[in-house]
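Trainee: What follows is each chain in one-letter form.
Protein chains: 2
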Amino acid sequence: MNSFNFYSPTEFVFGQDTENQSGSLVKKYGGSRVLVHYGSGSAVRSGLLGRVTDSLERAGLTYILLGGVQPNPRDTKIREGIAICKQENIDFILSVGGGSCIDSSKAIALGALYDGDFWDFYGTGKPVERALPIGTVLTIAAAGSEGSGASVVTKEDGMEKRDTGSDLLRPKFSVLNPALMFTLPAYQTACGATDIMAHVFERYFTTTPEVEVTDRLCEAILLTMIKETPRVIEDPCNYDARANIMWAGTVAHNDIVGVGRAQDWNSHGIEHELSGLYDCAHGAGLAVVMPAWMEYVMDTDVMRFAQVAVRVWGCEMDYAHPENTARAGIRAFRTFLHNIGMPINFAELGAKEEDIPLLVEKLGIGDGVRNGFRPLNAEDVTRIYQIAAHASL
Amino acid sequence: MNSFNFYSPTEFVFGQDTENQSGSLVKKYGGSRVLVHYGSGSAVRSGLLGRVTDSLERAGLTYILLGGVQPNPRDTKIREGIAICKQENIDFILSVGGGSCIDSSKAIALGALYDGDFWDFYGTGKPVERALPIGTVLTIAAAGSEGSGASVVTKEDGMEKRDTGSDLLRPKFSVLNPALMFTLPAYQTACGATDIMAHVFERYFTTTPEVEVTDRLCEAILLTMIKETPRVIEDPCNYDARANIMWAGTVAHNDIVGVGRAQDWNSHGIEHELSGLYDCAHGAGLAVVMPAWMEYVMDTDVMRFAQVAVRVWGCEMDYAHPENTARAGIRAFRTFLHNIGMPINFAELGAKEEDIPLLVEKLGIGDGVRNGFRPLNAEDVTRIYQIAAHASL
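The listed protein sequences correspond, in order, to chains A and B.
Throughout the first sequence, residue numbering follows this note's numbering, covering 1 to 393 in sequence.
Throughout the second sequence, residue numbering follows this note's numbering, covering 1 to 393 in sequence.
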C-alpha cells in the first residue's frame, strides 16, 4: 500500500426533507449573502428550489438565484456566476443540482476570489489558493462532486473539457435526500449509476500490490450498484434503493475506497472527448468507453480482472484459463450496462467512427503517453475508440 | 435506510515515517503549547517519542510530556493531565499511543476546558460544549479512536467503565504509520484485530432493513481482517498486511460503514464489565463475549446471520436450514479468534463464572432492558455471560 493523506471534512446530511436544513447549514458554515446556483427547470417545477429558498429566508439569509447550468457545464455560465459573486459580495455558494451544477459552482467559487481567468486552473495543475465556501443540495447520484474536491467543466470555444481539484473546493456540507431522485428519468438514473461504477473501477485497476482493504471496499460499492440499479430503473420511487445508490455514489468518489493505491483515470479522460464533442451524457460515454478500455488493457493483469469477475460479477473461476474468467467479467459488465439502458457502442451513443482521429487529437497525447494501469499512447487510444465503436454483447 | 449526519473532518496522514510530520501538523491546526500524552515505555524505548518531540521542536513548539497511560485508562491519570493543561495553558494535546491513550487524551481535552469534574460527561449523555483540539500518532490498530469522537475510560473507584462522544472530540489529524506496529506482540495484535471486527459486527447486526451499501462495506472490512490478521501474527513486520489492518481499523469506526442503520453495542457494553473487573484486554474480552452474544440472539434474524456466514466466512448456504448456515458462521468466527490466539471462554480469559451476578449488577440494567438488535434484560445478559463462560470450539 502507498502512503497517502485523506481529508474529507464535508458534513453529509442524509435523508428525507433534509433540503429544509439548507438555510441553517449555510449559516453554520458562515454564509450570509448566498448565490443559489441551480441547473434545469426541474428544480423549480418540483418545488425543490422553493423549499431551499424558504429555508434560506427562515435563516435570515440574503440570496441571488442563478439557474440554467447545462450538462457538460460551460465556461460562459461560470463567468456569469463569477461576475455576480464579485458584484454582489457573495460569501457562500449553494449548489442545487447534480455534478454539472456542483462542478461549475466550484469553478465560480475559485474564480470569485481570483483576479485572472478561472480557466487558468483547469487542466494546468495550477494550485487553488482561495475559494468561496460552497454547500450542495444533490439531485442526482453520479459525479460524487458533493464529497470531492474535483471539478470538470467545458470551454465552449472548442468544447474542451478540463479538470481541477483542491481540498478548498470540498463542500462544507452536502444535503442528500434520495427522494429528490424519484422524478429522475431512467436514462439519467442509469448514466449516474455508470459514472459511480466507473469511479470505482478507475480506482480498482491499479498497479499497487497488497491493497486488500481498498479492493474490498471498491467491490462493496460495485456489488451495491449491481443490486440496486435495476431496482430503481424498475421502480423509480423506491426510496431505499435510491438511498443505497446515493451513499454509494458519495463513498465511491470521496476517495476513502481509493487511498494508498495508484489509480487509472484514462477511461474518464477518453470519455471526456466524447461528451465534449457530441455533448452526450458523461455516464453514457463511459458505458461505451470503459468496457472497451478493459478489453484492451486486460492482459496487463489478468488475475486482477479475474478477481473482479469472481468477487463482483459472480463468475466461476477458470483456474486453467483465468483469461476466460477475466473476459466473462467484462462481458457481464457490458451486459449489465445494456440491461440498464446504456449505449454500448458508438452507434448507440451517437458517435462517429470517422471522428476517432479528431477525438485522439483533442485528447492531446501527441507523441507522449497517458500514465495509468497501462500507459497509453495515441495508437492505444485509437484502438480503444475502435473497440468501443464496434462493441456488441 | 435511516436518515443520518456524517461528519469526519480528521486529516489522516498515512505511511512510513509520517510521525516526523507531527510538529507541522500540530502547527497547522493551531497548537503552540502541546501536551504530549503517551502510554507505555515502549514509545520511549522504540525511539518514537523522540522522533515526535524532535518534530515538535523543529516546528518551534513548546511541549510537556505526560506518560504512563494504562490499558483501560483510569480517571486518576486523566485528572493529572487536566491539571497540567490548566496550569500550563496547554492549547493542543498530541496523543502518542493506542486507544487507551487517545481515549484518555479526549477526556483530558474536555476536562481542561470545564470547571466541574470531567466524569460528569461519562455515561450521562451530557453534551460536550468545548474541548482542546487533539492530534494522534497511532501505535496500534484497534479502537478506531483516531478517527472517532468517542472516548471510553475507567473510574478507579469501583472500576466502572463509561463512555462519552462528541464531534468536538474528533482528532484534527491522525498520523498512521503501519511500521510502528512491527514490535507489537502477537497477543496485542490479535486483541486489536478482534476489536476492529467487533466494531463492524456491532454495526452489522441491525434491525434496519435495506442497508445493502453499508452491509457490503462492513463485509469488506471483515474480509480484509480475515485475510490480513493471520499474516501479521505469522510475520509481524509485514508492512502491507499491517497497513491494510490499520486503514481497516480506522474505516471500521469512523462510522462511514455504519451510517443510516440502527446499531447494536451490547457486546461492547457486556465486555466492558469484564475488562473493568479483571483489567483484561478489551479485545480479549470481546473474543469471549461476542460469539456468545451471537449465539444467544441469532434467532432474532437468522437470515442476517446466514448472510454474513456466506458472504464473509465462505460457508455454503443451507437453503433448507438457514439456521445451520448461521451457526456455521458463528463457529467460524470463534475458530478464527482461537487461531489468532484469543481466549474463547472465561477460563482462558481469567474470568470467573461466580462473578456473573456481579458483572450483571455492574452493568446496571436493573429491571430495564438494553436496546439493540435484540433488547436484553438482566436475565438475557446473565445467559450470554454463561454461554461465554463455557464456550468451546
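Keep in mind the hints are simulated off the structure, nothing from the lab.
Take the hints with a grain of salt, since some may be wrong.
[Unchecked claim] Here are the in silico distance ranges between beta carbons for each label pair:
no.	chain 1	residue 1	chain 2	residue 2	range
1	A	58	B	57	22 to 32 Å
2	A	208	B	182	16 to 26 Å
3	B	320	A	319	21 to 31 Å
4	A	209	B	262	30 to 40 Å
5	B	46	A	371	33 to 43 Å
6	A	29	B	124	53 to 63 Å
7	B	341	A	209	52 to 62 Å
8	A	208	B	17	11 to 21 Å
9	A	350	B	371	49 to 59 Å
10	B	323	A	58	51 to 61 Å
Predicted model, so just to flag it, every value in this text is computed and none were measured.
Virtual Cβ for every residue (Gly too), placed ideally from N, Cα, C.
Trainee: Take the hints in turn and mark each one as holding or not.
Mentor: Verification of the supplied hints:
A hinted range of 22 to 32 Å for the beta carbons of residue 58 of chain A and residue 57 of chain B is inconsistent with their spacing of about 51 Å. Range check, residue 208 of chain A to residue 182 of chain B: about 21 Å between beta-carbon atoms, so the 16 to 26 Å window is met. Judged by the Cβ atoms, the range 21 to 31 Å given for residue 320 of chain B and residue 319 of chain A holds: they are separated by roughly 30 Å. One distance hint, 30 to 40 Å for the beta-carbon pair residue 209 of chain A and residue 262 of chain B, holds here, with the actual separation near 38 Å.
Separation of residue 46 of chain B from residue 371 of chain A is about 38 Å and conforms to the stated range, judged on CB atoms against 33 to 43 Å. Here the CB-CB span from residue 29 of chain A to residue 124 of chain B is close to 30 Å, at odds with the stated 53 to 63 Å. The supplied range of 52 to 62 Å is broken by residue 341 of chain B and residue 209 of chain A, whose beta-carbon atoms lie about 27 Å from each other. For residue 208 of chain A and residue 17 of chain B, the hinted distance range of 11 to 21 Å is satisfied, since their beta carbons lie about 19 Å from each other.
Evaluation of the 49 to 59 Å hint for residue 350 of chain A and residue 371 of chain B yields a pass: the beta carbon distance comes to about 55 Å. Between residue 323 of chain B and residue 58 of chain A the beta carbons are some 53 Å apart, a value that agrees with the proposed interval 51 to 61 Å.
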